[in-house]
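Visitor: Hints given; two lone chains; assemble the complex.
Chain by chain, the residues:
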Amino acid sequence: MRIAFLSDIHANREAFEACLAATRDVDRIVILGDIVGYGADPGWCTDKAREIEASGGVVIRGNHDQAAVAGGADMNPTARIAIEWTRAMLSAEQKAYLATLPLSVTDEDRLYVHAEGSDPARWMYVTDVEDAGAHFSGTSARISFCGHIHLPSLYCLPQIGKVTKFVPNSDTPIPLLSQRRWLAVMGAVGQPRDGNPAAAYAVLDTVRREIRYRRAPYDVEKAQEKIRAAGLPESLASRLARGH
Amino acid sequence: MAGKLQPGMELDGFTLKELAHTGGMARLWIVTHPDHEGELLMKVPMIGEGDDPAAIVSFEMEQMILPRLSGPHVPKHVANGDFAVHPYIVMERLPGKSLYPRLKELPLPWKEVTEIGVKIATALDALHRQHVVHLDLKPSNILFRESGEAVLVDFGLARHNLLPDLMEEEFRLPYGTAPYMAPEQIMRIRSDYRSDLFALGCLLYFFATGERPFGDPQRLKGLKKRLWRDPMPPRALKRDIPPALQEVILRALEVNPNRRFPTAAQMAAALKDLSQVPITPRATKMKRDPCLEVVRRRFNQEEFQPPKAKDEERQWSNAPIVAVALDLSDSSEDLKESLRVTTQRILEKSPEARVACINILKINRLALDSTLDEEGQNKHVQRLVELKSWAEALKAPEGAVTFHVLEAVSPADAILDYARQNYVDHIVMGARAASTMRSLLGSVSGEVAAHAPCTVTVVRNRAAPAGE
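One line per chain: the protein sequences are H and R, in this order.
Residue 186 in the UniProt record's numbering is what sits at position 186 of the first sequence, and the numbering runs on without skipping anything.
Residue 11 in the UniProt record's numbering is what sits at position 11 of the second sequence, and the numbering runs on without skipping anything.
Next comes chain R alone, as it looks inside the complex (with noise of 0.2 angstroms):
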């Protein structure tokens, strides 16, 4: 192993500039290279003679797990040294600073800790997908670019689910940050993808509150503590939190993964919205659970089981956000009907999905502002409400539908930009009957399907055969 590293020396091309950072498991040297621009990252693990062998092991997940990530909610990752000579990972430098010096000026008002929340669950919903589960969400863990997306850092104590757990069997102890670790990584289960909401749950309950939800205990037996007592209200402590907020971060706090959000995409899309988040008796509680319930959940504890791999992989098809697109006035009920039956389907199959019911109310590129006319007004809620009886019959569970009166100028624009914004996995639309209208204007449905980022269902009846 080559010696001490000092600024200005080189190492596999890279020239060192200065030291950036000095951490509990690793530095970070500032460091430049011919065939980069700019300023890169270094990061360097602490190996010595007593140092926890966790630095290794998790040094070599993150040189395992960050060149296989890729997108903007990530550091690029450039290059890794080998640790038979000098270990080390290089990765792209992202400008400003991470969530944590803002912890001196907490609590930050409710409406910035749901955008700041949004940008980071679109941030793990991205992670989750490539089958990586953070597992140290922490407010020094995220940072921000300048287009504004959120990028998660230091992969050490991450999993992949697809690849070997090298920090799974290795020791005994639960790896993580105190104030953020989910019940069930505690209990060393490190698979979940929902545990990184949970730890989603605590930032956004600290940052709204001022406050830690589970305090920092410094030892396993206080950590364990938040199986069975319930945090403090957020609004107990600050009465200007809407209930809805309360609702989304006491979700996430769940101790049970299975009652918490089901993907970080729905919790996007809350956090997004939370004229839409369905109210339960959490959002309005504003003491915690009484006694004897505490006492109860402590010595009736849940038995954690690790999802089984394939579950994991299955969360998104178990549970997708659906749009669906009416075009109410101008389809037939026997269309309306089938795109009942095909939603129902869907419903039936992936129980924790939520559908969106879209329809678009045109408008002309001229009359600007015809919502606030009387006319328009009455217009959208005459759509809404003939969205809600479309979707009466669909019998879904309470909270899994929301309904979305849109105005735009091209309906197919507005639903593709309604995908994009709003994490949607499934679009399911209606295809516009034979007319002269399509032939003019083009398909719709065609141009959904061709731009849309996900899966697209166009529902049509099948015509009678000619003749008959």
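Next up, chain H with everything else stripped away, as it sits in the complex (with noise of 0.2 angstroms):
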């Protein structure tokens, strides 16, 4: 089976649909939160999000999906901005689905979650072999997939010795050995933050038992024009063409 893991989607309908017309092969869709927050069209996201759940796939909350029903009291003035303007924009069907969206899903050997997941709801990054190791150590799932951080990395936990991080430099398919433990965090589909604007995502081939890092190029001016339409803040167009 060929498992396709978006993440950190952001509102970005260009980049969502960009990497859904890159996936159509795959089996299995599984969104790891942040659905909304940032972008401009956080309706036609979440709904095709709940599209995608109704047809077999999986969606997991992010804290921006928490925040979009709940307030984001404790976020950054930027980030507020945002996720206030999408509170007004989405409706209350929108945010009661929101709302039902589970903090974790274990499918088989795989966990799937947001953020480090030890303790799910505390939205902790994962950016180095310590936050690595705290996941390992407070889960058990032999494969697991987040995001949150909008930087591709994988970590791993052999049988004997220390996590280590790698950073995937290109789309070779990455064998995940079975005789280890991986954390694969996603880059960002919306907002990617590791350079290059490209939208973030990965394929997993469940027989083959590898991990692909890949990158869909989208209209990021379009996405652009509709965030300055929409009177957000300006860094949050202007960040997107730097992938930054």
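Heads up, a few of these hints could be off.
[To be verified] Computed list of lysine-lysine pairs in BS3-like fashion (alpha-carbon distance at most 30 angstroms, straight line):
(1) H/K165 / R/K349
(2) R/K224 / H/K162
(3) H/K162 / R/K221
Honestly, the hints are just simulated from the structure, not real lab data.
Small disclaimer: the values here were computed from a predicted structure and weren't measured.
Guide: See the structure below:
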């Protein structure tokens, strides 16, 4: 089975559509949270996520999805402006859907979660091997998938030895050796921060036990125009061009 | 896990015939399989209580890397056994022996050493282009096909630069084979392709002189000595080694990877034609560096920075081998100038490029020995002079440009052969002016572009619009 992982869509319809077009041939889509926030198309993206779930996909809750329902008191000023705007844009039904999303899902030997998995509701970032170590000791799945930090990486815990970190530098399939545990952190679909403006996603092949980190170029200018037209902070538009 | 392996046992359809070899970390079994003709080799790691955990990791690395490699310079991968059940790797069984038994015959004649060097450097070039650094190049890991190509085996310490490196953070000590380990590898940098060139330099030195350049140190302290102590120049040990071969060996043994050959392809090209190797003081030195110099180096050691991931993968675009095919008689001055500008741009963008200027001296099928007569000889020399004069204005760094006059019946075939034999990454050539000749004979550049194993740039000056 081939599973596509899309995380941190952030209401960027153009980026979301580009990833969906690029993953048409997969068997399942897993959305790892933060469907909304920052971008100009929260309603469309929420409906699309719901549609994907209805046709066999999995959708996980992110901190922005939660804030779009409950408010984002603890967010930074820019994110808070965006989340207040998002709350106003979403229908009651869309908010109700976001409120139902689970914090994590276990699927065979895989765990799907938005942030570090040992305590998903704390929304901890996985930035280094120590964070990944906390994840591995607090969870038991063989392979975990998360997002939240907008930077792709792959952590590995061998049977003996320390956690290692690898930053994918190509779309070469990476074997996830079965005798080790893995934590695959997705880059962002809708707001990449690794210097590459193309939307980031990954595809797991469960038979070959390989993961491919991939990029989908999309119409950045269009997404930017919409953010500006909505009157959202300029930085949310300009950063898309740099992938920063 | 299944029990002890015995001859006659069957494992996932493979029948074990006999134990071929027991190494430090793994055993090699000769096996057969109904779907595969002939004998195969099964590598089984020795994993048990008290075994080196590196044995496991190194086996995992080999299971990861070997299936991703292709071509004649690696053993063909057949199957991986699951770690949870019975770990193994099945691969092609190569005929013949490794270079290891030849240690008894050292030193070998320098010509043979050079030929072996070309083959190994060619194999390294093929490996590096698949993003893999071997990191354990030594005689026992080099075999040869019946057709002559070197085959590199044992990828247990190798690194694939596009995949996670399982060895990197797990162990505090550097892993490798002491006599051949590059200085940066001793400093635990595992991503530099040029580490393999250092190992090849050690091997060539050993094979040509009978002595290992840095001995066989058993401790880390002894290993680190090569960071500041230079080896005895090979010619001081064996006088008949030509200065150009010493140049190649000592360049490969430079402590700083930036002073070695930038690519295995460039090292292969140098070994293939020693007459074109630019000679530096390295070639003629007969003594080791003076004490003061060594002391200075010891206390002012250069810091080794691992090359950035992007730089590693840009190595071939930074250091390409470029062949400029010049048709001196038939080209206009304008076209020659445009070719020069194009070449200059490549040199500016790729500071470590090597440029081979080639000219085809057309011969008749019937006149077999035209070079031997005086007229032929003069023609040859005259062409070389013209090539050099064309290249003068490139203002290329010394040694970056070489000159070759090739005799051939078909210019396109000659250019293509040259490119295939000499690791050429980029061919630059001029288009023949529109003429009856071209319509009768077809375009040389068209044929080259269609069949070249690399990038081809055809330079043509834009014609003035008709009617002006």
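Visitor: Now look at each hint and say whether the structure bears it out.
Guide: Verification of the supplied hints:
1. H/K165 / R/K349: violated (33 angstroms)
2. R/K224 / H/K162: Roughly 26 angstroms between the alpha carbons, so the hint for R/K224 and H/K162 holds.
3. H/K162 / R/K221: holds (26 angstroms)
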